[in-house]
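Undergrad: As you go down the protein sequences, you meet chains A and B in turn. Heads up: the first sequence begins at 1 in my numbering, then just goes up one per residue. Heads up: the second sequence begins at 1 in my numbering, then just goes up one per residue.
Hints are computed from structural coordinates only; laboratory data are not their basis. These numbers come from a predicted model, not from an experiment. Treat the hints with caution; some may be incorrect.
To be clear about the criterion: a stretch of chain B counts as covered by chain A if any three or more of its residues have a C-beta under 8 angstroms from a C-beta of chain A, and this derived list gives those stretches [to be verified]:
{"#": "1", "region": "75-81"}
{"#": "2", "region": "93-105"}
{"#": "3", "region": "142-156"}
Ideal placement from N, C-alpha and C gives every residue a C-beta, glycine not left out.
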Amino acid sequence: MQARARLGRWLVSGPPVLYLLVFFAAPALIMVLASFRTPGDFGGLAPLVEDGRLDLNLDSYARFFTESVYAQIFVKSVWYALLTTLFCLLLAYPLAALIARSAKKHRDLLLLLVILPFWSNFLIRIYAWMIILGPNAALAKTVNGMLGWFGHEPVPLLFSSFAVLVCLVYVHLPFMVLPLYANLEKHDRALLDAAQDLGAGAWQRFWRITFPLSLPGVYAGAALVFIPALGIFAIPDILGGPEDSLIGNVIKQQFLETRDWPFGSVLSIVLTVAALVLAGTAAWIGRGSLGTPSSAEAARA
Amino acid sequence: MALLEIQNVTRRFGEFTAVDGVSIDIEAGEFFTLLGPSGCGKTTLLRMIAGFELPDGGRIVLNGLDLAERPPEERPVRTVFQSYALFPHMTVEGNIAFPLQMAKTPAAAIPGKVQEALEDVRLTGFGKRYPHELSGGQKQRVAIGRALVTHPTVLLLDEPLAALDAKLREEMQIELINLQKEVGITFVYVTHDQTEALALSHRIAVMNKGRVEQIDEPSRLYSFPASRFVADFIGTCNLLEGPVASSSDGIVAIEVAGLGTVRVAAAPPAAPGAGTIALRPEKIRVQAASSAGDRPDNRFLGTVTEYLYLGDVTVYIVTTPAGRKLETLLANSGAGRTKFFEIGDAVEVSWPVDAGHFIGQSDRSASSN
Chain A
1 MQARARLGRW LVSGPPVLYL LVFFAAPALI MVLASFRTPG DFGGLAPLVE DGRLDLNLDS
61 YARFFTESVY AQIFVKSVWY ALLTTLFCLL LAYPLAALIA RSAKKHRDLL LLLVILPFWS
121 NFLIRIYAWM IILGPNAALA KTVNGMLGWF GHEPVPLLFS SFAVLVCLVY VHLPFMVLPL
181 YANLEKHDRA LLDAAQDLGA GAWQRFWRIT FPLSLPGVYA GAALVFIPAL GIFAIPDILG
241 GPEDSLIGNV IKQQFLETRD WPFGSVLSIV LTVAALVLAG TAAWIGRGSL GTPSSAEAAR
301 A
Chain B
1 MALLEIQNVT RRFGEFTAVD GVSIDIEAGE FFTLLGPSGC GKTTLLRMIA GFELPDGGRI
61 VLNGLDLAER PPEERPVRTV FQSYALFPHM TVEGNIAFPL QMAKTPAAAI PGKVQEALED
121 VRLTGFGKRY PHELSGGQKQ RVAIGRALVT HPTVLLLDEP LAALDAKLRE EMQIELINLQ
181 KEVGITFVYV THDQTEALAL SHRIAVMNKG RVEQIDEPSR LYSFPASRFV ADFIGTCNLL
241 EGPVASSSDG IVAIEVAGLG TVRVAAAPPA APGAGTIALR PEKIRVQAAS SAGDRPDNRF
301 LGTVTEYLYL GDVTVYIVTT PAGRKLETLL ANSGAGRTKF FEIGDAVEVS WPVDAGHFIG
361 QSDRSASSN
């Protein structure tokens, strides 16, 4: 009986474990190994064994830590990701609260609207922003018209940090809304009644009751927005100016254009480690009475 | 002038009238209970006093002040919710300090008041715990301590003991009585449990279908129910009804189907017609049929057809030859015996004329039952 149960457990957990080993753990190991190797003369990697000895070195790491331009881009990427997370939170919170408090029959429809953008292609949605922010679109004309009144020169909306940030927020908004909604929807209405009964006004009810209880949802949403936003390259590529290159663009460049795979690997590893450290710190701050930051909720969303 | 005056208050939800023209005066320092079955409007009435619902008609006046324009957070009234509604992210101390912080109590004064409240509800030493680390009874005490810490004028309690098991409920009832005496705050208590209402209250308003059936002290409600509904809802009751046969010398006689003429001490009814006698099971004497003895005023023969052995007492259902069932109750107090009768025993049931209570024709709920 026990042997059968054990076999059953292996049969159930085997395929996903195998999948992760082959497509996640192995490539990650290959990347770690590549970061210590020498770039090939025509891109890619130089042979691992040359003249009978193993060719492994720290050259690419040394380059990352000596050439400050990469650290600067890195810091800028973290800054953009933080801004994206903050704006997503500010926009998503009222939206999630609205959905959570709307009548049950309307909630499914509203949630559907939130995830509706996923039904069209990611790149197409970014290209759509090129049209919205383009110089001949109504938005740019209105903004520049108003600036003109104040004697200000027209500003381009497209190919700017503004365009990159707007699109970063737009793309990641649903990832903030869904975990927040999953959290807020479970709040006990009686707690707000009790707080009001005990003398709390609307603002205090939010700040003392609703917001602290929603922190697991905030953490989950922040992780789901921050980590992908940190590594994104398509949005700065398409909507950003030359100054808006982020770490994702540099990594892509190292692999596809410069073809310096070891250095690309180093940048990827630094990015992964930074994301893990930041997420770990957030989870550590959010521990305690609030319970574990609800990865379960995030997964459900 | 009463402390809390509920004046002709009505609340409708669409077509449904939850509270229908209710008027109650509650005195300062009183333990007042709103008692009734679910859906009778008692919780809606409580929520209107708290301010969560607004009356469609009538006024709620506290200390001479109309509460209509005041939102819940500005009323000197606190509620103990059925679900406790403790803030899960705050400790016991945090929960109790919350209303003090909302009232802008100086920070230095808060810890002392919190400790006092913890003592009042016997939770000294539990201040650092979180709600999920407490038992049901302890959570209940925190909810009460939190509601009392700002010394409200009125404390509203919405079925606060419903979620506790029987033994704990009895303990908490005694504590509530003592606490109310200690703090001297007016309690308005909502429950559907008539034994709880009888045990706790100074006065009870029995509600049915949005209206007040009777407001009285527990013992008077039990002994002199004003309507069939009250008689039936409070405790167990034999309701003997039939046309009034005669009325003289303070004795009314009713012709009860399956039983015969039943006489009860009562003032003559205002209008002729049918009447009901409410007769409590424990007021009926049950004896073996053969036994002789004094002749009380009402005496009938029957057979024990069912019994419920409840430990301290046994309920015997006695059926007359004509098929009328009477519920009787005997304390199992005889030495060395478990019960008095077996099914099939022929018995004689009897009661004096002043054992029953006559309910007249004007009873409004008679038609609906």
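Undergrad: Compare the structure with each hint and give your call.
TA: Structure-based check of all given hints:
Check result for the region 75-81 of chain B against chain A: holds, 4 residues qualifying (beta carbon to beta carbon below 8 angstroms, three or more required). A stretch counts as covered by a chain when three or more of its residues have a beta carbon under 8 angstroms from one of that chain; for the region 93-105 of chain B and chain A the count is 4, and the coverage holds. Counting residues of the region 142-156 of chain B whose CB lies closer than 8 angstroms to any CB of chain A gives 3, so the stated coverage by that chain holds, three being the minimum.
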